[in-house]
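Generate coordinates for the entire structure from the input sequences, incorporating the hints supplied.
2 protein chains.
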Amino acid sequence: MRSAALIAVDWGTTHARAYRLDDAGSVLGVRAEPLGIRQLGDLAYPDALARLLGDWIDESVPRIACGMVGSRQGWREAPYVDCPASLAALSRGLVETGPGGIAIVPGLATRDAAGVPDVMRGEETQILGAVPADSPRTLVVLPGTHSKWASVERGVVRDFTTCMTGELHEALVRHTILGRLADGPSGAGGDGAFDRGVERGLGAGGFMHDVFGARTLALAGDLAPGDVTEWLSGLLVGREIRDTRRWAEQAGDDATRVLVVASDVLAARYLRAFERAGIEAVKGPADAAATGLFRIACAAGLVAVETA
Amino acid sequence: MRSAALIAVDWGTTHARAYRLDDAGSVLGVRAEPLGIRQLGDLAYPDALARLLGDWIDESVPRIACGMVGSRQGWREAPYVDCPASLAALSRGLVETGPGGIAIVPGLATRDAAGVPDVMRGEETQILGAVPADSPRTLVVLPGTHSKWASVERGVVRDFTTCMTGELHEALVRHTILGRLADGPSGAGGDGAFDRGVERGLGAGGFMHDVFGARTLALAGDLAPGDVTEWLSGLLVGREIRDTRRWAEQAGDDATRVLVVASDVLAARYLRAFERAGIEAVKGPADAAATGLFRIACAAGLVAVETA
Numbered sequence: 002m003r004s005a006a007l008i009a010v011d012w013g014t015t016h017a018r019a020y021r022l023d024d025a026g027s028v029l030g031v032r033a034e035p036l037g038i039r040q041l042g043d044l045a046y047p048d049a050l051a052r053l054l055g056d057w058i059d060e061s062v063p064r065i066a067c068g069m070v071g072s073r074q075g076w077r078e079a080p081y082v083d084c085p086a087s088l089a090a091l092s093r094g095l096v097e098t099g100p101g102g103i104a105i106v107p108g109l110a111t112r113d114a115a116g117v118p119d120v121m122r123g124e125e126t127q128i129l130g131a132v133p134a135d136s137p138r139t140l141v142v143l144p145g146t147h148s149k150w151a152s153v154e155r156g157v158v159r160d161f162t163t164c165m166t167g168e169l170h171e172a173l174v175r176h177t178i179l180g181r182l183a184d185g186p187s188g189a190g191g192d193g194a195f196d197r198g199v200e201r202g203l204g205a206g207g208f209m210h211d212v213f214g215a216r217t218l219a220l221a222g223d224l225a226p227g228d229v230t231e232w233l234s235g236l237l238v239g240r241e242i243r244d245t246r247r248w249a250e251q252a253g254d255d256a257t258r259v260l261v262v263a264s265d266v267l268a269a270r271y272l273r274a275f276e277r278a279g280i281e282a283v284k285g286p287a288d289a290a291a292t293g294l295f296r297i298a299c300a301a302g303l304v305a306v307e308t309a
Numbered sequence: 002m003r004s005a006a007l008i009a010v011d012w013g014t015t016h017a018r019a020y021r022l023d024d025a026g027s028v029l030g031v032r033a034e035p036l037g038i039r040q041l042g043d044l045a046y047p048d049a050l051a052r053l054l055g056d057w058i059d060e061s062v063p064r065i066a067c068g069m070v071g072s073r074q075g076w077r078e079a080p081y082v083d084c085p086a087s088l089a090a091l092s093r094g095l096v097e098t099g100p101g102g103i104a105i106v107p108g109l110a111t112r113d114a115a116g117v118p119d120v121m122r123g124e125e126t127q128i129l130g131a132v133p134a135d136s137p138r139t140l141v142v143l144p145g146t147h148s149k150w151a152s153v154e155r156g157v158v159r160d161f162t163t164c165m166t167g168e169l170h171e172a173l174v175r176h177t178i179l180g181r182l183a184d185g186p187s188g189a190g191g192d193g194a195f196d197r198g199v200e201r202g203l204g205a206g207g208f209m210h211d212v213f214g215a216r217t218l219a220l221a222g223d224l225a226p227g228d229v230t231e232w233l234s235g236l237l238v239g240r241e242i243r244d245t246r247r248w249a250e251q252a253g254d255d256a257t258r259v260l261v262v263a264s265d266v267l268a269a270r271y272l273r274a275f276e277r278a279g280i281e282a283v284k285g286p287a288d289a290a291a292t293g294l295f296r297i298a299c300a301a302g303l304v305a306v307e308t309a
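In the order they appear, the protein sequences are chains C and P. Per my numbering, the very first residue in the first sequence carries number 2; after that it's consecutive. Per my numbering, the very first residue in the second sequence carries number 2; after that it's consecutive.
Hints are computed from structural coordinates only; laboratory data are not their basis. Hints are not guaranteed to be accurate.
Some but not every residue of chain P turned toward chain C, in silico, with C-beta under 8 Å [to be verified]:
#	residue
1	Asp119
2	Thr163
3	Leu218
Derived list of chain P stretches under chain C, where covered just means 3 residues or more per stretch with a C-beta under 8 Å from a C-beta of chain C [said to hold, decoys possible]:
#	region
4	106-116
5	164-170
6	242-253
Residues from chain C shown here face chain P by an in silico Cβ test under 10 Å; the list is partial [claimed, not checked]:
#	residue
7	Val31
8	Glu34
9	Ala110
10	Met165
11	Ala172
12	His176
13	Gly207
14	His210
15	Asp211
Where a beta carbon is used, it is the ideal one built from N, C-alpha and C, also for glycine.
Structure (structure tokens):
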């Protein structure tokens with residue numbers, strides 16, 4: 002094995018993924034296990050880490066982790082850092098679990114226009130890994146169960162907001178009358194239904210009325226029952242873009258470039274919706290968590306970086 | 002028994018409720034059974050009607066019904082009538098099931114600003130029963146699983162819109178992470194949490210972000226876990242009022258009076274939310290369905306009405 006400069010772990014609720022990185026931040030190896038913090042049962046955190054790392058364990062190599070492992074229910078709590086938050090602020094917020102353990106990255110906190118708190122834990126690392134530390138203002142989108150949108154500039158997360166897009170889609174499809182329509186055959190094709198949903202999502206209607214359109218379009222024969230799930234997905238992604246664009250405009254971020262950090266499949270759906278919204282967006286890099294963990298470790302002095 | 006001029010049945014998915022009315026439309030008696038169209042099993046519609054009416058059956062007294070009994074899955078389909086729809090148009094749309102049967106009121110159909118269809122079936126009768134036939138423009142709100150808002154003027158339903166408020170609340174509370182927070186003790190009191198939710202609902206945020214506030218407020222200790230359900234209820238009712246007010250403004254109905262047709266408990270919640278929104282609203286009459294069925298029967302000539 003080439004010599005490692007850092008072991009970086011993206012440690013969430015269901016899974017843990019470990020990266021072995023060299024002193025330039027390049028990924029030498031990846032190991033993933035279903036050892037998320039809710040899956041450990043009686044297994045202690047040090048034992049879970051040992052199982053995840055296997056023969057990578059080397060006390061001379063520093064270790065760093067991000068994600069729910071730093072929550073109150075995790076190994077050790079790493080208190081939230083307020084936005085705007087720089088790489089340096091995150092590195093100052095690192096919490097050590099103790100000897101043989103790992104340094105844990107704090108989550109981020111902010112408040113929305115109404116003063117209601119918002120939090121993220123794990124995504125801050127992906128966000129700072131996705132955007133070069135010297136980049137101009139960028140909107141980073143991490144779609145998912147709880148989508149995160151962050152405004153980033155020169156290694157600082159200026160602000161962010163959360164949309165419950167993925168979880169709401171699942172609740173609508175699995176637990177409302179809209180989903181009960183969805184057992185029939187699909188129509189002309191999923192993309193068409195998704196695009197039509199995006200159009201409605203980008204429109205001016207109210208959410209609780211607009212979702213009901215899945216039912217009435219299906220009843221009227223204007224939407225094939227098997228396309229309801231895709232149509233609703235488009236509606237929610239479109240609405241997320243519409244509402245969060247408004248949020249970004251208020252922050253003066255409406256003219257910035259948009260980076261979508263997601264799997265290929267999910268990123269493609271968002272890029273498709275952004276295109277319909279007339280917003281330029283590109284897919285972010287893979288392994289953003291590993292890059293983010295490397296950058297935070299460097300800022301903390303855990304990794305000796307050669308400077309020219 | 003005093004002599005009846007009409008038997009009127011509000012026949013929905015889970016329940017059927019029959020009214021015995023005199024020739025002034027006054028209610029002489031009420032009978033309700035869990036004989037909704039999805040509860041009949043092998044029971045035929047004529048037999049279900051006989052069981053509901055019991056000794057009220059009198060072939061000389063006309064019968065009329067509204068609700069899902071007129072849907073494609075009901076006794077006989079009474080096709081939707083397009084808005085704007087008058088009492089006369091509804092009476093012309095009555096569909097007879099045949100001898101010994103009943104005349105069924107059609108539902109209403111419209112299209113929203115984006116051309117997406119909207120429908121109601123049963124509520125049109127409550128709406129026309131709640132508002133005197135000679136009344137000026139009124140917004141009638143029927144809150145519930147699928148809330149209906151209708152603009153009514155002099156016996157004509159001009160237009161309406163649906164919000165999936167009740168069903169969305171149940172899906173959020175029972176099938177998302179927001180509901181899983183809600184098992185703890187409640188705080189200062191439900192009303193306070195409901196009011197705070199209404200404030201957020203009336204605000205300018207996006208729906209999928211605003212609902213996530215239930216989680217972040219609870220995590221931050223700003224909302225007692227046991228108050229999450231009430232807070233979410235307030236948020237959804239407030240958002241329904243915010244969005245539908247916009248719909249009403251576009252229809253030129255923003256200055257009209259608002260009538261809430263619901264049970265005492267549910268009406269009180271909406272009136273409370275309307276007050277916070279600075280909109281004057283009052284509770285509508287009880288037995289609006291019976292009154293609506295009587296008015297439609299009169300318009301159809303089923304009931305001989307003495308005119309002065």
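Evaluation of the provided hints:
The beta carbon of Asp119(P) comes within 6 Å of a beta carbon in chain C, closer than 8 Å, and the hint placing it at the interface holds. The beta carbon of Thr163(P) comes within 5 Å of a beta carbon in chain C, closer than 8 Å, and the hint placing it at the interface holds. For Leu218(P), the suggested interface contact is upheld, since its CB lies about 6 Å from the closest CB of chain C, less than 8 Å. Restraint check on the region 106-116 of chain P versus chain C: 3 residues with Cβ-Cβ distances below 8 Å, three needed, restraint holds.
Residues of the region 164-170 of chain P lying with their CB closer than 8 Å to a CB of chain C number 5, which satisfies the three-residue condition for coverage. Check result for the region 242-253 of chain P against chain C: holds, 5 residues qualifying (beta carbon to beta carbon below 8 Å, three or more required). Among the interface hints, the one on Val31(C) is violated; its C-beta lies about 28 Å from the nearest C-beta in chain P, farther than the 10 Å criterion. Given the 10 Å rule on beta carbons, the hint for Glu34(C) is violated: about 24 Å separates it from the nearest Cβ of chain P.
At about 8 Å, the closest approach between the beta carbon of Ala110(C) and any beta carbon in chain P falls short of 10 Å, and the interface hint on this residue holds. The interface hint given for Met165(C) is met, as the beta carbon of that residue sits about 5 Å from the closest beta carbon of chain P, less than 10 Å. A cut of 10 Å between beta carbons decides the hint on Ala172(C): the least distance to chain P is about 4 Å, and the hint holds. Look at His176(C): its Cβ gets to within about 4 Å of chain P, closer than 10 Å, so that hint holds up.
Evaluation of the Gly207(C) hint against chain P yields a held restraint, the C-beta minimum of about 3 Å falling below 10 Å. Interface restraint check: His210(C) against chain P, minimum CB-CB distance 5 Å, threshold 10 Å, status holds. Using the Cβ-Cβ criterion of 10 Å, the hint placing Asp211(C) at the interface with chain P is satisfied: the shortest such distance is roughly 8 Å.
Taken one by one, the earlier hints fail for this structure at numbers 7 and 8, listed in ascending order.
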